[in-house]
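Novice: So the chains spell out like this:
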Amino acid sequence: MVAIDELIHRAYLCKLVGEDGLMIVESMPEEEVTDEFLAEKTAISLNTVRRTLYLLYEHRLAIYRRKRDPDSGWLTYLWKLCPENLEKAMEAEARRLISKLDERLAYEKNNIFYACVAGCARFVFEEASEANFVCPFCEGSLEFLDNGKIVECIEQKMTGLESALQH
Amino acid sequence: MTEDALEYIRSQEEGVLQSDLWKALNIDSRKCSRIVAKLLKERLIIREAETINGIRTYRLHHTERLPPSGHRFEHLMVEDIFEPCAGCIEECIPQHCAKLSEWIFAIVLSQGPPEEGESLRKVEAARIQPV
Chain Y
0 MVAIDELIHR AYLCKLVGED GLMIVESMPE EEVTDEFLAE KTAISLNTVR RTLYLLYEHR
60 LAIYRRKRDP DSGWLTYLWK LCPENLEKAM EAEARRLISK LDERLAYEKN NIFYACVAGC
120 ARFVFEEASE ANFVCPFCEG SLEFLDNGKI VECIEQKMTG LESALQH
Chain A
0 MTEDALEYIR SQEEGVLQSD LWKALNIDSR KCSRIVAKLL KERLIIREAE TINGIRTYRL
60 HHTERLPPSG HRFEHLMVED IFEPCAGCIE ECIPQHCAKL SEWIFAIVLS QGPPEEGESL
120 RKVEAARIQP V
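If you read the sequences in order, they're chains Y and A.
Read in numbering that gives the first Met the number 0, the first sequence has 136 at position 137, and its numbers run on one by one without any break.
Read in numbering that gives the first Met the number 0, the second sequence has 35 at position 36, and its numbers run on one by one without any break.
The hints are simulated quantities; they were obtained by calculation from the structure and are not laboratory data.
Be careful, since some hints might not be right.
Below, simulated DSS-like cross-link-like pairs (lysine-lysine); rule was C-alpha separation at most 27 angstroms, straight line [as the list claims (entries may be wrong)]: (1) A:98 / Y:87; (2) Y:148 / A:98; (3) Y:148 / A:40; (4) Y:87 / Y:99; (5) A:98 / A:40.
Okay, chain Y solo, but in the shape it has when bound (with noise of 0.2 angstroms):
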């Protein structure tokens, strides 16, 4: 059996594909089998375990190798798990984070935001000008909302991944 024992791997996995497909990972052997055994061996449904089985290719990791039956000529497809590919995908999804905040962040510092008193909505002061200070959901007033923990939060995860990515 494959162990995943790091937390944070488990938790990227769960993410990728939902705890079913955590559960799938944790029954693959590390030798070859086929979707149909782990359906069997994990009582969870053969479309689960083959869309498992894609997403995980899709993120490489996982691999296939088709085998051809010499008689019926049926093309069965034999599965292996590539967990020591798990560091090199998150490092692809640190990459992927980092340029999304990137833009969050400069969308977080040039504008000004206001929220309505009730929490309905947060509003760029160009929005909030326009509606007259008032919320157009519930008519509650539009009060200046300080978006600086937000700012120093999302710099403070950049750092700490582009400092990940530097290691």
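Let chain Y serve as the given structure and place chain A on it in line with the hints.
Specialist: Relative to chain Y, chain A alone:
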């Protein structure tokens, strides 16, 4: 009973199977599920899927007992929430993505309760953009 459950989970170094928890607490499994759901919602515990003798259950861990992350990519997580972009196939505008916003607010909230005068709770409740 919720406190008893939390205390019991905390006392188990290796975590406890949900299927054992209700027996240990001498309650029925449905009540146990409700208690577990409440503790999960309050982020006092986390759960991992596990199969015992072919039966699917969950292993519950108290969040204080989790091993220190220390992993180089720990910044992909906030408490037990993995960053939302992993595996996401939605066409995304990061400025307005509700999932990303939720995660960012979780980061803010993980750094402690708002100081007096801060309007953090309002942010937490707010939708990001008008719908």
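Novice: Looking back at the numbered hints, which does the structure fail to meet, lowest number first?
Specialist: none
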